[in-house]
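A.B. asks: The lines below spell out each chain.
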Amino acid sequence: MRTLLVWMAGGLASAALTPVALANGWNMPVGVTALSRDIYSLHMIIFWICVIIGVIVFGAMFYSLFRYRHSKGAKAATFHEHTSVEVIWTAIPLLILVGMAVPATATLKNMYDTSEADLDVMVTGQQWRWRYEYLGEDVAFTSNLGTPREQIDGTGEKGEHYLLEVDKPLVLPVGQKVRLLLTSDDVIHSWWVPDLAVKQDAIPGFVNENWVRIEEPGIYRGQCAELCGKDHAFMPVVVEAVEQERFDEWLAERQQAAEEEASSADREWSMDELMARGEQTYGAVCASCHQADGQGAGNFPALAGNEAMLEDIDWHIDRVVNGVSGTAMASFRNTLSAVEIAAVVTYERNAWGNDSGDSVQPSEIAEQLAEQGE
Amino acid sequence: MAFHLPPKPTPQHSTATAGGVAEPGHAKPHWLMRWLLTTNHKEIGSLYLIFSLTMFFIGGIFALVVRAELFQPGLQLVRPEFFNQMTTMHGLIMVFGAIMPAFVGLANWMVPLQIGAPDMALPRLNNFSFWLLPVAFGLLLSTLLMPGGGPNFGWTFYAPLSTTYAPPSTTFFILSLHIAGISSILGAINIIATILNLRAPGMRMMDMPLFVWTWLITAFLLIAVMPVLAGVITMMLMDINFGTSFFNAAGGGDPVLFQHLFWFFGHPEVYIMILPAFGIVSAIIPTFSRKRLFGYASMVYATAAIALLSFLVWAHHMFVVGLPLVAELFFMYTTMLIAVPTGVKIFNWVATMFRGSISFEPPMLFALAFVVQFTVGGFSGLMLAISPADFQYHDTYFVVAHFHYVLVPGALFAILAGAYYWLPKWTGHYPHLRLSQWHFWLSVIGVNLTFFPMHFSGLAGMPRRIPDYALQFADFNMAASLGAFLFGASQLLFVLVIIKCVRGGEKAPAKAWEGAEDLEWSVPSPAPLHTFETPPEFHPDRH
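Protein sequences appear in the order of chains A and B.
So the number in the working numbering is just where the residue sits in the first sequence, counting from 1, plus 146.
So the number in the working numbering is just where the residue sits in the second sequence, counting from 1, plus 5.
Next up, chain A with everything else stripped away, as it sits in the complex (with noise of 0.2 angstroms):
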């Protein structure tokens, strides 16, 4: 019996020390929402519970194995049922589990109600980016993995949030419901952030529901979480959560961008103009399939000498604009602006040789939008 007491006084130890041990990075965050907490504490409960049965269970175990040797000359007892044992470690752990579905229950409840949002935020998943779209408000942007080629190839330095940077995050308001709408254009996605104790499957056809109210203002990083093709790993999300006043400039900021992007539609744009707008576009965009050197990869076609798309500039834009449907190719129509299109169109026929001196002003692509939307 003693040798029972020193096992379980050991677990009780260790058990002591663990939480030492599991802080900074160890461990789920806590998180910065009142969500976020409540799922802490439901996992740290349910963590405990399991390491209080652990031990007794091992400790009754290990001093049966060390008590009981057959080699110390032990003799094996007979019985073999009882029946009032069984029914105490049946009911006990039945117990236990209805003592834990009650606060997971609460929290679930509150998790599922998005009603009265203060800003409405559509989440639209893309291979490999995520595509931000503020309800109502005219602001709507896409945002791609910030981390250079070369730190993922290992040809320099890795930076401190290599692989959770972006190039545009989803800037939201502290204090404030803000309701996550969740959809993909694709295959299915899965939007991340652990600070905020929000997953949700971003599923095409279906538009999921989820919310946050973010206390402190902070960047908080995550990831996609359900394997989506090739570059799953590429594509991550990062929140800057800001105070009222700021996310009113800065919608304000964006607001004016757009409708400056959109006004641009109209001007003639130089071929250079064109083609370093292309570049910019293609690199974000499109070169994590068909790559940089428009080469294409595996499924991927080359676009580099691709005679099909040089002979038709006509085809190209219906490529770009809506897609090919059945394949990996998606529709950039309500993804890239005007400007956007025209530039990497021009770009692609251009770039890597292709040298065909076509161009396309951002003016006929706006035109054509206009049309088909109709």
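Think of the hints as simulated: they come from the structure by calculation, not from any bench.
Yeah, the Cβ is synthetic: ideal placement off N, Cα and C, and Gly gets one too.
One thing to keep in mind: the hints can contain errors.
Listed next, the in silico DSS-like pairs over lysine-lysine satisfying Cα-Cα at most 25 angstroms (straight line) [as the list claims (entries may be wrong)]: (1) B/K516 x A/K221; (2) B/K505 x B/K516; (3) A/K314 x A/K304; (4) A/K255 x A/K323; (5) B/K516 x A/K218.
With beta-carbon atoms standing in for the labels, derived distance ranges [to be verified]: (6) A/G429 x B/W136: 50 to 58 angstroms; (7) A/A422 x B/P232: 55 to 63 angstroms; (8) A/I238 x B/E511: 42 to 50 angstroms.
Here's a subset of chain A near chain B, in silico, CB distances under 10 angstroms, partners left out [said to hold, decoys possible]: (9) G177; (10) I185; (11) I195; (12) C196; (13) M207; (14) R213; (15) H226; (16) V231; (17) T236; (18) A247; (19) Y258; (20) D299; (21) I334; (22) P382.
For chain A, the structure is supplied; the task is to place chain B on it using the hints.
C.D. replies: Same frame as chain A, but now just chain B:
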């Protein structure tokens, strides 16, 4: 109640080799034809076991490719496209090619011996269901060489990634899974027919060893869910090749339907991979505790309860797909409930050891490690059942840690325990003691070094199925990769143990282990090709 072959359909000499045995007066068949045509349960059992060991090493090599790439952050060895093929093939091969056939192999060998039957009830079907497997997995492996590569969408092959966005080889993947599924169904039918019809006179259901009981229940699970898998992959086949839109949202289909169907198969499937393990451990622990199994009846009921509950919990794999609140609650409660019968089993094993007379031969070492490590996997399973917390755990390395604890230090260790336990019966020799102990300890260290750090990396925020990761996960991954290579290398010792054991070693008597009680220990070691041609006397002294 002797066992009779059914009347032969033709009077010709068509059965000269069908028995797989060279009987006096028959020409000895060529060895290849002998193994191709054998209908002997022991030979087919050995074929299954050798096949699953081969698949275990192939799937293991795929896992090591994955772990090598994950040794450090950054892309060093393979491209993401190939990495995804490796994770997918590793999962498919291990689940369908290694763990399941290993249990079927053990059932083939041991179920007839444990119930006093001369063979399986349907010996030719038995031969057919084995030989389907090399076809299925040859086809599956060949997809790696096809243009566009092999399956790259995870072993759960969620649509539309596995339909609209899949490589062209997916149709071959579907065909191979169909063949493997037919093999499983036929095997299950055979096991049920054997257990229900061929028990020794006097052996009631509640006298059967637990390995037989757990396999009987497993076989019913297989028959219930394999057709669902066949259905879902057929729908994929139609979506890919015949223009239907079961899972294509653009055509009015439903990608979430895929997940419901898959997991209605998939959750019972994970119990298919663990229930026979319970049976093996329930044979080994009493033997080396020299004491009867505690709570035999409650073990049977708990197994049945787990099997029934397995049909009611599938959507706990889908807590973040946007289920309605009531569904979320229902599946959380039912999932938590599974902890009760599972707990009963663990308590029963511990109570069996309590006041026993315990020794630590290799099978017992593996069985004890199973109990501890499977329970660790059970604990993380209980945590995952808490739906709100699952929003954080889901699709992270915490889940990877959980199911590997259940399947590797769980199911696989039980298979190894079973192999060490029955090797004297199969070969007539004891496995080499020192080598077995080395194999055990290196495996325990390797497996825990591999999978324990994954709990931490998952909680800290590392998603699963990624070829590259953020810098804060680097230490955990390095430890896991080192552990994986240690574990992989130490399995070569197991091969060495088997080879040595087949060739020679300390001779084993009929009753190879002092405390062993079941019927298989009443036939000589090694078990002759034909056993129990006359049914044994069975005295139910246990109840």
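A.B. asks: Take the hints in turn and mark each one as holding or not.
C.D. replies: Okay, the hints, checked on the actual structure:
1. B/K516 x A/K221: Holds, at about 20 angstroms.
2. B/K505 x B/K516: With Cα atoms ~21 angstroms apart, B/K505 and B/K516 stay inside 25 angstroms; holds.
3. A/K314 x A/K304: Given that 25 angstroms is the threshold and the Cα spacing comes to 20 angstroms, the pair holds.
4. A/K255 x A/K323: Judged against 25 angstroms, a Cα distance of about 16 angstroms means the pair holds.
5. B/K516 x A/K218: holds, 23 angstroms
6. A/G429 x B/W136: 50 to 58 angstroms: holds, 53 angstroms
7. A/A422 x B/P232: 55 to 63 angstroms: holds, 59 angstroms
8. A/I238 x B/E511: 42 to 50 angstroms: holds, 45 angstroms
9. G177: holds, 9 angstroms
10. I185: holds, 5 angstroms
11. I195: Since chain B brings a Cβ to about 8 angstroms from A/I195, closer than 10 angstroms, the hint holds.
12. C196: A/C196 check passes; min Cβ-Cβ to chain B is 4 angstroms, inside 10 angstroms.
13. M207: holds, 5 angstroms
14. R213: holds, 9 angstroms
15. H226: For A/H226, the interface hint holds, since the closest Cβ of chain B sits about 4 angstroms away, which is under 10 angstroms.
16. V231: Given a least distance of 8 angstroms, the restraint on A/V231 holds.
17. T236: holds, 6 angstroms
18. A247: Check passed: Cβ of A/A247 comes within 6 angstroms of chain B, closer than 10 angstroms.
19. Y258: holds, 5 angstroms
20. D299: holds, 6 angstroms
21. I334: Check passed: Cβ of A/I334 comes within 6 angstroms of chain B, closer than 10 angstroms.
22. P382: holds, 8 angstroms
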